[in-house]
Amino acid sequence: MLRFILIFCFALAVSGSALYMTKLSVDGRYDRLSALQAEITEAKNRAIILEAEWAYLSRPDRLLKLSSSLLSMRPITPNRVLPLESIPLRIPEEENKRGDDAQ
Amino acid sequence: MRNNPPLTSKKSGFAAALWRRVWPSRPDPDKSRRVARARLLIAGVIASSCFMGISAKAVWLVTSSDTFGANKSNVAASAPRGAIYDRKGRLLATTLPMMRLHLDPKMVLDPYEVAEKLAPLLPGKSEADILKALARNSRFVELDRKITPARHAAILALGLPGVNISQTALRSYPHGAEAAHLVGQVDRDGRGIAGMEKSMDDRLSAGRDVHLSIDLGVQAIVRQSLAYQIERFEGVGGAGLVMDMQNGEIISLVSLPDYDPNHFADASEDALFNRATKGVFEMGSIFKVLNTAIALETDTASLGSSYDVSRPLYISGFPISDYHPYDRSLNLSEVLVYSSNIGSAKVAEDIGPVLQRSYMEKLGLLARPSLELPETSQPLYPQKWGRLSTITISYGYGLSVSPVHAAGAIAAAAGNGEFIAPTLLLRDADAVIERVRIFSPETTKKVRSMMRLVVSHKDGTANYADAPGYLVGAKTGSAEKLKKGARGYNKKANLTSVIAAFPIHNPRYLVFVMVDEPKPQKFSYGYATAGWVAAPVIAEIVKKAAPVLGVLPVDIKAPEIRQNLEPNLNIGGKGAIFASF
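Protein chains in written order, with the numbering used here: chain A, 1 to 103; chain B, 1 to 581.
Isolated chain B, as found in the complex (with noise of 0.2 Å):
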């Protein structure tokens, strides 16, 4: 039994008061035992809960779906952006994963020591760029892009606080300039700002790749020919273009001058314009095709008709006038392989305003092309279509279009008839195309042939552009450029195009090749016309390219080629010469 101190007199007041509550003076010891049970059983209770508690706190941890959701999340990555391919599969647009080198400035103990030692690790950056970046007020400042494995684990040896390593996605383009305009670019954030990268990004950004319909080795081909000639004609830049005609797929498309995309920044704004889909010109004689196939088509003129190009034609003041003047009448196929301005200028009379305008809409010529390149223009067309439109027109003048255009519409002239908007994207071999039936198939059989003698007749305009044994039919058009800044056309400033078809008798593939501004030259004699200078060019991509495109090589005398040709075509006047493909 425990003795209670006794309380003196001493303590009085409040402390007093509290040293009895504290300890009171227990004289009964059964009412001290409960007392002290119900103080046991208090604390056990405090006790118990706490590690209650803390089970429950540790269960809670051990199965909380947090953790897990922490680890799941380093587990999957999100997607890179989809690559670009060509037609076979060859790689033209990847992202490769690259380390990239940043500061912050906050966590750097001596600027001076970092930027001595980190300058000769990173080429092109001084010193003093570092101590710069070094200097801003910012917890992130990106100092390169691209730093080689190499030179990673040499920075990461320094050991320098506040220097950086983090993974980052670099768009690359391993074949370089060959496809520049059609695979486009991407911006630092890799969203696509130009060309198919712009176009597909929806596509590409979700991680899946694309594969266009161009060929890299037909794309390289045309690219190779084009440049050879323009620096041989010293020609500003040029266009070319290959196209399937059964299925509007382009094969290929060049546009020169070209850049580099993987030096995007370094580019002129002369070689980032896409001549071949954002360019428009008046594409001159080529459009004769057209004019002969609406011609023929609508039944207002016939092999047999007859126009006299003696004299030059005068309409509201304007001369019409011929390259090569004839002093007697011409029929349809000689204006064709003729290229008579005078001869197109009648035909087209016959045909009328509103005939022709309403081929040229059905044809693809009047709108935007539905092609996939965000770079593509609307075709300048005459507002009154009246009737010098028709006249000048007929012969390539007054309707600007770009190449794409033009391949569209005379694919359909000297094809079988039907038209089909070009495409860049790889078609499944099941997909539905849309074709839409402009021309009968007698018309255009007529045409091609028409187009076969202006490559094979001994006074055609592309004789440079036949290719033996690949039945090369052709047009020529040389235009002159409208002058900069002023009114009229400037005579020494031309635009030389041909478009082709082979093989002729059962037309497959479209080419179109162009070339800006050639200058006469001495091996010329003097002459930059279409046929001196794009018909060798496109005699060059027919025989590297039908190989490639398991096109083979055809006998002209075989019987079942001759009977997909006219043979009743009248070229040479009074000898009544019959053609010879």
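Excised from the complex, chain A in its bound form (with noise of 0.2 Å):
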């Protein structure tokens, strides 16, 4: 009877530290996932930041003011735009050459 006691004993002592241990590595686990989570909202804080702070500096107004002065671009006249399929094709090498060889 004793003896079974003491194994008994034994045993819960033993799982007793196991479990102590394991939950000891799962603090350890969950401490280094908080700290990756906050990393990971500090990161898309800075993303978010960074968006707006790209959007507030790609303001129309502010982009127009930046051409006007920097930049010699005007807004194109509508006799400026074709469409692509308009544009001949560049003429194929063969027939360049029939060409020179009529003259």
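No lab work stands behind these hints: they were computed from the structure.
Do not take every clue at face value.
Unchecked claim - Partner residues aside, some chain B positions facing chain A, computed with beta carbon under 10 Å:
(1) E178
(2) S205
(3) L216
(4) Q219
(5) P468
C-beta atoms are modelled at their ideal positions from N, C-alpha and C, and glycine is treated no differently.
Assembling the complex is the task here: the two chains are given apart, and the hints tell you how they should meet.
Set out below in structure tokens:
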């Protein structure tokens, strides 16, 4: 009887300490997880701020001011816009040669 | 063997009885051994049960789900409010993480020290302000909602107890006033109180983003062109709208004056008012487009119908005259191109009140629009829709609608004849769009051709709306505003508007421009009519926005373009000159 109790107590002690060790390692992993989560939140926040900053810096009125002071570009006039299809394609090499021969 | 101390006769009564119980005389050693064993057993049981209890508690502490839960709650954070984007993914509204400063007066040791040290770090707050905040009987007094990282570090370095910093969120609008009325506003608790922030509050507060049909580039073009003209003509305000006629998507919606939503509290009531959706106005002659379309559709008039406009028309003592009088009969196209009120009145008399009202209803002009903004209005229309109402409504008086109403209705008459409710949300490519056929393609072809002549014919009223190559068709409207607080119209306060569609042979975009109360100017030879004020804005918008919208310029003389327009319009009377687009 006494031996049984002793074995039981020993088993209890071993499993108890094993549980405690597991718990400790889980705690450690949770700490790491929350650290990673915090890092992700931080990165997300930075991305949000950068996105807002980009939107702020690319305001149409600001771009207009910058382009009129730094670039010499003008709005396109309708007579300078053509659909791609209306541009004649380059004459194929052979045809080009034939033309040269004829001359 | 232990010798018990002898009982003395001195001890008697209660003390003696207690003594005997604690230390009884045990002459029998066997009995003593039994008692000792029993006592040992009892002590052993008590001790081991204590240990059992402690171990049970330890096991429970280790395994209990509470401790895990506490960890998890730190990990999962609530989702921030969703962002608002334009159709090309440009950011219109977002929630920025922000630090706020608050005080706990009960924890503050020396209020004067706190006030003295904090004041230089808080712009706009004096020492007296901080002392006043500290005198409040509360454990939470907010001092500043926007703490920059640098000031955050400086405040922490002070190390003052009771001065706390916590994270909060700030709703930010990077494009400022550009789309103020559309995007709207949130209150201090982050709930939508105006614009799309309000109407899409459920979606946004669940952390989901909203994509608007607005193109910020076009929005900037419309806003800038309109603001320039309002300033030139000293107007009190205006509205501008660009809509995709093929799916009802609003590409730009501007109301001026506007405000910076980042400084919402400073905005005046006039600036907060959305003229494009909330304001209802008598639109004037742009309604003649609808009048003509209804007449053609109901066969109450044809291109050959002729109307005598040489004398003013009197309806129940109410005179109807023309801005440009003609001393002859005009045909249906001329009535629209010359913008004749008398002619329109006669066309409307043939249509009649019942038909006219039913068309106005089908075109959404008698109900609040289904637009996603909370700032919309119910149109004002006559309860008794009689002969006089029919006549005045034909040229845009007596029925007050918002610019969004007018755009939706005229898009049907100047487009392919289908009514599509305007929307501010970007449609999915496979979205099913509700289209209601109102006008036949033959009717709209004639109406579109007339609208082109309003721009291209020398006697048309919207010559300044032309943008070469983009084939603009338009109709102007200059309406007198109702007198404030009195009956009748104010001849000096006009509402000038132009509604246009381009390219008119196959209309894709509708443009509406309205300038409120423009004043006559020297450079406009004293004119402040729609043709002078609003028409040039249309040309400016079309020229600048067409490349952004991907509309290519066309050759007006190309046969496929002529096929989509009606060639048999007779403008100019005697000579019977065929229309030249």
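For each hint, the structure was consulted:
Of the supplied interface hints, the one on B:E178 holds, with its beta-carbon coming within about 7 Å of a beta-carbon of chain A, less than 10 Å. Given the 10 Å rule on beta carbons, the hint for B:S205 is violated: about 17 Å separates it from the nearest Cβ of chain A. With a least beta-carbon distance of about 6 Å to chain A, the hint placing B:L216 at the interface is held under the 10 Å criterion. For B:Q219, the suggested interface contact is upheld, since its CB lies about 8 Å from the closest CB of chain A, less than 10 Å.
Given the 10 Å rule on beta carbons, the hint for B:P468 holds: about 5 Å separates it from the nearest Cβ of chain A.
Checked against the numbered hints above, the structure violates only hint 2.
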